[in-house]
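Input sequences plus hints: build the corresponding full structure.
Number of protein chains: 2
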Amino acid sequence: MDYQQFIDAQIAEFKKTVGSALAINALSGGVDSSVVTALAHRALGDQLKTFFIDSGLMRRDEPQRVVRIFADMKIPVALIDARAEFLAALKGLTDPEEKRNAITNTFYAQVFARLVKQTGAKFLLHGTILTDIEETVAGIKRQHNILSQVGIDTQQAYGYAVLEPLKTLRKDGVREVGKLLKLPDEITHRIPFPGPALATRIVGEVTQERLDTVRAATAIVEEELADSDAFQYFAVLLNDRATGIRNNKREFGQIIVVRCIESTDARTAETTRLDWKKLDRICQRIIQIKGVNRCLYDLTAKPPATIEYV
Amino acid sequence: MDYQQFIDAQIAEFKKTVGSALAINALSGGVDSSVVTALAHRALGDQLKTFFIDSGLMRRDEPQRVVRIFADMKIPVALIDARAEFLAALKGLTDPEEKRNAITNTFYAQVFARLVKQTGAKFLLHGTILTDIEETVAGIKRQHNILSQVGIDTQQAYGYAVLEPLKTLRKDGVREVGKLLKLPDEITHRIPFPGPALATRIVGEVTQERLDTVRAATAIVEEELADSDAFQYFAVLLNDRATGIRNNKREFGQIIVVRCIESTDARTAETTRLDWKKLDRICQRIIQIKGVNRCLYDLTAKPPATIEYV
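Residue numbers (the working numbering), protein chains in the order written: chain A, 105 to 414; chain B, 105 to 414.
Some hints here could point you the wrong way.
Chain copies aren't distinguished; within one or between two, either way the pair holds.
Computed cross-link-like contacts, SDA-like style, restricted to lysine to any residue with a CA-CA straight-line distance of at most 20 Å [to be verified]:
no., residue 1, residue 2
1, K381, A334
2, K195, D344
3, K382, E366
4, K178, T121
5, K119, Y337
6, K406, G395
7, K353, E239
8, K353, T235
9, K195, Y264
10, K406, P180
Since the hints were derived computationally from the structure, they do not count as laboratory data.
Now the structure itself:
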């Protein structure tokens, strides 16, 4: 595929479709939404308003870091603090589907609906890629950014039209487009991070305390595996607890799973055969997190596992 | 320590304490209860009645296998089918302490109380070792065979006195005594298996279906790691579930944890650095078990984890 031709075609398409209207998009800092932002900014300039929604589900320092990266590229991004709103919507939910639905609903029907109203935008740009559509349509996983494909009429439901410029690409193609758009390596080589963010790395209820736990574990795993060539690596907080001993006393502790995989397009994945010294070091650091006394490594390929747990 | 001297002293002690009365004991096939059985049989002959209680929590084919091993040594063992009784006692319980208590109670107050009554035995022999006592007294773990040390007067509660000939030994010492008593390698080299058996390898409720799942996983792990020199290896069924894909459809599957450790006395333990091909093969076999779509490897040392999960 000729990715420069793809870029030119998408820019022409944006100009034609949006005309003199306003478009908005949500930037997460992942390669998909970053490419959409850079592509649409090139086509629309000031007619694009980009928002970073801080859901409280992001990784450590992520909102500030992403806004800074785009400021360096002269692309303005507005940071919206919606942390309390997301936490309230997730309260008491343990079912994965209900959690995903609560996030989708808070994101689009609450926070984004307000931004659309405030800005008067007629178009919302999504970083949907082909794998997202395929997996949602197949019923494997409900990607939070898939709406029309599951029968949601955004015009009627939320008051805006959705444009999905990357929906014919897979992850590797998106990275190629990102390079041509001169996005920094920090973005194009960023490991995939799901839309519902750390909520997909918490089995059971999402609370402030549990978010803090999985955020700390995620920071350790990302730091330790930054120099690996793995496709994706992360930490998951289970709901189960296991017995342990701390200071000679019984403790009923939390369990963190480390997952690190090799993949090219996220459709299938193999477990990375990490060095034992590295695994041991990760485990040693993770069990220092308050309340955590077990660290497990996921051995399972996709299929039959998915990459994420929720 | 001179283990032959230990054996001679214990035999003399048995003869003096039991006199012309009857003693009974429960044999699980583990090295502790096997050594107690062989030691007491040498001291007491027909005055010892040994029972294998089939709680339904044992590993695949274990009850029949253990009875056969002791028959080969001319030590008679009566097999008691108490499967329905244990399953009924465990129904609805998810708290680890409640599960252990239900097993202890069914074992001693129900099944053994009946056997004591039927046989007229005045003494019950236990395979308690020093580590069991230390950990129970320290509040780390309630070993199901620790009674007097936590304030239970067995004479008053169950109608018999408890003798614990191995309570000054650790696991390595028990193995030495077993060798001197000419127990087969199959017994002295058997990996440790806890009293509450597979119930300690199930996080959440113990049901027939969940027992079948963890029993199948245990058989795979033991078969694959039989030629390893590890101290202990087993499978744990978590209560949490994770998303997966099977035949292109979303599946909310069960999670098996594989644990394999190096230790000399179970007081501390390190994770075995298994060969990746072996881990991959174990995982490939475990995800063939009905309803299981994840296989994890426990990286955690003891402390801060314990060896078992429940």
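Worksheet item: Given identical chains, is K195 near D344, meaning Cα to Cα at most 20 Å, within a copy, between copies, both, or neither?
Response: both (18 Å within a copy, 19 Å between copies)
Discussion item. One pair to classify: K353 and E239, alpha carbons no more than 20 Å apart. Within, between, both, or neither?
Written reply: between (46 Å within a copy, 9 Å between copies)
Discussion item. At most 20 Å between CA atoms: does that hold for K406 and P180 within a copy, between copies, both, or neither?
Written reply: neither (38 Å within a copy, 51 Å between copies)
Fill in: Intra- versus inter-copy proximity for A334 and K381 (alpha-carbon distance at most 20 Å)
both (17 Å within a copy, 19 Å between copies)
Fill in: Status of G395 relative to K406 across identical chains (alpha carbons, at most 20 Å)
between (30 Å within a copy, 15 Å between copies)
Discussion item. Reference check for the pair K119 and Y337, CA-CA at most 20 Å: within, between, both, or neither?
Written reply: neither (38 Å within a copy, 63 Å between copies)
Discussion item. Please sort K382 with E366 into within, between, both or neither, judging by C-alpha distance up to 20 Å.
Written reply: both (17 Å within a copy, 19 Å between copies)
Practice prompt. Have a look at K353 and T235 and pick one of within, between, both or neither, based on CA distance no larger than 20 Å.
Written response: Answer is between: at 14 Å across copies they meet the 20 Å cutoff, but 48 Å inside does not.
Practice prompt. Go through the copies and call it for K178 and T121: within, between, both or neither, with a Cα cutoff of 20 Å.
Written response: neither (24 Å within a copy, 89 Å between copies)
Item to complete: Could you place K195 and Y264 in one of the four classes (within, between, both, neither) given a Cα distance threshold of 20 Å?
Response: neither (28 Å within a copy, 53 Å between copies)
In terms of the numbered hints stated before, the structure departs from hints 4, 5, 9, 10, listed from lowest to highest.
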